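Novice: Listed here are the chains, written in short residue letters.
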Amino acid sequence: MSFINYSSREISCKIVYYGPGLCGKTTNLQYIYAKTNPEAKGKMISLATETDRTLFFDFLPLSLAEIRGFKTRFHLYTVPGQVFYDASRKLILKGVDGVVFVADSQIERMEANLESFDNLRTNLAEQGYDLAKVPFVVQYNKRDLPNVVPVDELRRALNIQGVPEYQAVAPTGVGVFDTLKAVAKLVLTELRKTG
Amino acid sequence: MNAQMVMYEDEFNQITQVCERLTREASAKVVFLVDKNGQLIASCGQTENLDTTSLASLTAGNIAATGGLAKLIGEKEFSILFHEGERDNLHITIVGGRVILVVIFDSRSSLGLVRLRVKKAGEELGRIFDGLLKKVEAPGAGSPFAEITDEDIDNLFSE
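Each protein sequence line maps, in turn, to chains A and B. Residue 118 in the numbering used here is what sits at position 118 of the first sequence, and the numbering runs on without skipping anything. With positions in the second sequence counted from 1, the corresponding number in the numbering used here is that position plus 1000.
Worth double-checking, as some hints may not be accurate.
DSS-like, lysine-lysine: derived pairs with alpha carbons at most 27 Å apart [to be verified]:
{"no.": "1", "chain 1": "A", "residue 1": "94", "chain 2": "A", "residue 2": "193"}
{"no.": "2", "chain 1": "A", "residue 1": "71", "chain 2": "A", "residue 2": "35"}
{"no.": "3", "chain 1": "B", "residue 1": "1071", "chain 2": "A", "residue 2": "94"}
{"no.": "4", "chain 1": "B", "residue 1": "1135", "chain 2": "B", "residue 2": "1120"}
{"no.": "5", "chain 1": "A", "residue 1": "90", "chain 2": "A", "residue 2": "185"}
{"no.": "6", "chain 1": "B", "residue 1": "1029", "chain 2": "A", "residue 2": "43"}
{"no.": "7", "chain 1": "A", "residue 1": "43", "chain 2": "A", "residue 2": "185"}
{"no.": "8", "chain 1": "B", "residue 1": "1029", "chain 2": "B", "residue 2": "1119"}
{"no.": "9", "chain 1": "B", "residue 1": "1036", "chain 2": "A", "residue 2": "43"}
{"no.": "10", "chain 1": "B", "residue 1": "1076", "chain 2": "A", "residue 2": "90"}
{"no.": "11", "chain 1": "B", "residue 1": "1134", "chain 2": "A", "residue 2": "193"}
{"no.": "12", "chain 1": "B", "residue 1": "1036", "chain 2": "B", "residue 2": "1071"}
{"no.": "13", "chain 1": "B", "residue 1": "1071", "chain 2": "A", "residue 2": "90"}
{"no.": "14", "chain 1": "B", "residue 1": "1036", "chain 2": "A", "residue 2": "94"}
{"no.": "15", "chain 1": "A", "residue 1": "94", "chain 2": "A", "residue 2": "133"}
{"no.": "16", "chain 1": "B", "residue 1": "1120", "chain 2": "B", "residue 2": "1134"}
{"no.": "17", "chain 1": "A", "residue 1": "35", "chain 2": "A", "residue 2": "181"}
{"no.": "18", "chain 1": "A", "residue 1": "94", "chain 2": "B", "residue 2": "1076"}
{"no.": "19", "chain 1": "A", "residue 1": "94", "chain 2": "B", "residue 2": "1135"}
{"no.": "20", "chain 1": "B", "residue 1": "1036", "chain 2": "A", "residue 2": "41"}
{"no.": "21", "chain 1": "A", "residue 1": "133", "chain 2": "B", "residue 2": "1036"}
{"no.": "22", "chain 1": "B", "residue 1": "1036", "chain 2": "A", "residue 2": "185"}
{"no.": "23", "chain 1": "A", "residue 1": "133", "chain 2": "A", "residue 2": "185"}
{"no.": "24", "chain 1": "A", "residue 1": "90", "chain 2": "A", "residue 2": "181"}
{"no.": "25", "chain 1": "B", "residue 1": "1134", "chain 2": "A", "residue 2": "71"}
{"no.": "26", "chain 1": "B", "residue 1": "1120", "chain 2": "B", "residue 2": "1029"}
{"no.": "27", "chain 1": "A", "residue 1": "71", "chain 2": "B", "residue 2": "1036"}
{"no.": "28", "chain 1": "A", "residue 1": "133", "chain 2": "B", "residue 2": "1134"}
{"no.": "29", "chain 1": "A", "residue 1": "193", "chain 2": "B", "residue 2": "1036"}
No lab work stands behind these hints: they were computed from the structure. Everything numeric in this text was worked out from a predicted model, so none of it was measured.
Just chain A, with the same shape it has in the complex (with noise of 0.2 Å):
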């Protein structure tokens, strides 16, 4: 849930970046991090293992500038994307505003994508979400590899409700700002419409 705080005059939101194991969540992190400059952002924070894997979360706090004279932050986070980490999964998904469903393009992960997704509508439903009416952003990504499944059928696997989809290279940056735009832009409108 956002906070709007009155006092300090800022206004706070959570858009977690959710998808199965090696999608490149992290990337995405860490791209957004490296391109915005410092006075926007805090630290990044990567509670991981020492192979580099996602074992609680990736934290970034990020400021734009002020809307209607708020100062609005987003905090993004990261899941482990791991199947058997599921039990933090589900504590980083509480108080959520925004999703951003990173999927890896490659033939072969087609089936982890599917138990992700999977994954995130129950995790959410616990929480008394309903993906549908959640903010929530498509990401296909690692669109440069040769293995990859056409877009139309990934698609048609993780995109029936027709949300905002976008296709890329998470360590070259492409259309990782795209996503997290478009997510920024549902959360506000989602602000909007609760307000």
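Since the structure of chain A is already known, use the hints to place chain B on it.
Specialist: This is chain B only, laid out in the frame that chain A set:
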């Protein structure tokens, strides 16, 4: 789902007063208050060289993880956590089931003193947050964002 978290000037001042008194009375270095989603609400004491945003997010993660552990063994939650370091220690409590009160202290204070003072401050904070929640749920408490336009949103991202 939790209700929207909102903080007003009045309540913020009351909360800050309680935190400042707690910092003094518990001889603490830093006191801060975080909501369970990791947003920093207030901080007092020697916060100059402290990354309070990261502290807030990690504290909430810590409380979430220990809460998960509690449920696994049939407890509702662990309402007090204590981390002992070589110099500084962290005392973490859940206040009013909703916010997290964190006290950082060193050898100039003691765990007993901190626990005692936190108990009193926690009760006061609990009352303030109960009142705040009622205010937020009251009809007519409109958000300033009800009237934002597409243009406002687009302007945020114009580079």
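Novice: Now tell me if each hint is right for this structure.
Specialist: Now the hints, each set against the structure:
no., hint, verdict
1, A:94 x A:193, "21 Å, holds"
2, A:71 x A:35, "20 Å, holds"
3, B:1071 x A:94, "16 Å, holds"
4, B:1135 x B:1120, "23 Å, holds"
5, A:90 x A:185, "24 Å, holds"
6, B:1029 x A:43, "22 Å, holds"
7, A:43 x A:185, "23 Å, holds"
8, B:1029 x B:1119, "18 Å, holds"
9, B:1036 x A:43, "20 Å, holds"
10, B:1076 x A:90, "17 Å, holds"
11, B:1134 x A:193, "21 Å, holds"
12, B:1036 x B:1071, "16 Å, holds"
13, B:1071 x A:90, "13 Å, holds"
14, B:1036 x A:94, "9 Å, holds"
15, A:94 x A:133, "15 Å, holds"
16, B:1120 x B:1134, "22 Å, holds"
17, A:35 x A:181, "14 Å, holds"
18, A:94 x B:1076, "17 Å, holds"
19, A:94 x B:1135, "23 Å, holds"
20, B:1036 x A:41, "22 Å, holds"
21, A:133 x B:1036, "22 Å, holds"
22, B:1036 x A:185, "24 Å, holds"
23, A:133 x A:185, "15 Å, holds"
24, A:90 x A:181, "24 Å, holds"
25, B:1134 x A:71, "25 Å, holds"
26, B:1120 x B:1029, "18 Å, holds"
27, A:71 x B:1036, "21 Å, holds"
28, A:133 x B:1134, "26 Å, holds"
29, A:193 x B:1036, "24 Å, holds"
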